[in-house]
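Work the whole structure out from these sequences, hints included.
Read top to bottom, the protein sequences are chains H and L.
Note that the numbering used here numbers the first sequence so that position 152 is 152, with each residue one more than the last.
Note that the numbering used here numbers the second sequence so that position 84 is 84, with each residue one more than the last.
Honestly, the hints are just simulated from the structure, not real lab data.
If a hint is listed, it holds; no wrong ones were tucked in.
Subject to a maximum C-alpha distance of 27 Å in a straight line, what follows is the list of computed DSS-like cross-link-like pairs (lysine-lysine):
#	chain 1	residue 1	chain 2	residue 2
1	L	79	L	9
2	L	79	L	47
3	H	155	L	141
4	H	155	L	45
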Amino acid sequence: MKELIKIYFEFFKIGAVTFGGGQAMLPIIQRELVTNLHWITIKNFLYFVSIAQVTPGPIAVNMATFIGYNMKGFWGAIIATFGVASPSFAIIVLIASVMHNLSKTAVYKAFISGVKPVIIALLISAIYLIVRGSFHSAVPFILAAIAFVVFVKFKINAFLLLIGMGVIGIFLIK
Amino acid sequence: MKSSKKPKKLIRLLKLAGIFFYIGLFTLGGGYAMVPLMKQEIVEKRKLLDADTFYEIFAISQVTPGPIAVNMATFIGYKESGILGSVFTTTGVVLPSLIIIILISLYFTDAVKNIFVHRFFMGVLTGVVAEIAYLTLDVWKRSNVDTFYVIVFVLSLIEIFVIKLNPIYVILIGGALGVIFKTKEYMNERTH
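Here's what the structure looks like:
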């Protein structure tokens, strides 16, 4: 029980200080859980990362589930996942509850108008990170271009596109 | 009367959870990759939100800590059905990963390291890049692109790629510039 509470708070902390999604969480998990607390070995950590990236769902949630399960079985997984999601949950509910009044204010509108161009830059950087990390020949670039045209022109289901590209990848990407 | 209202609300909540379970289950490639599918489901198919509100939630979900997909699920759930709604959507979006990771821990630990799985996933990433590229263009098209917008955009690119600033600071700088240079404009808009 005591260990479960510890797991909860550790993941709560990680969830609270991570901005910018799952990828940003990985170095923090490594520092806290591998280097400082020795909850998991670096070998296991890297193994978890490799799996968390190829399974469905947010990487941060996958990592929390994995590490929690590794430490304390089923309940460890539940508690860790719950812990990593609770700070965002609390903050978002708070924002959403004042949103109705907030969204009418000039300051809020001005803030959002300044954030919007940043989002474009962040999306470009997300593309750049995937391309730099995983596109090692001309083939993936061509496939991505084809996928883009198919997605925009035919508006096919986003998931079907990913599965389709995955199957093509098995045959074409070395 | 009251008794017939309750199951209706529960059905609505379960439906919301179901939508987000579907989104959580069918997202490969991390949080950003979840956004295009979420937009298809929430905006285009079920018309729960319009595109502008959706992108606003997308923006706020990056200013707040935590996984973007979880933030968006919580937010949309709250907008649809209050705090209970956000409990159901957040649970829905997290549940598939929870089940799948526990199953992997139990059974097929090494199947995911297979070379075909690797190639499959590399293929998936080409699709993820295509979908994020679409998302980028869609956000751009829906924006009121003026000089301010372009300056903040270029500045953000420099902060990300040259100075290598943490994304949260890039967002906060953009927001602060917005407050400094745009508040007056929005205040005038209201008086007209």
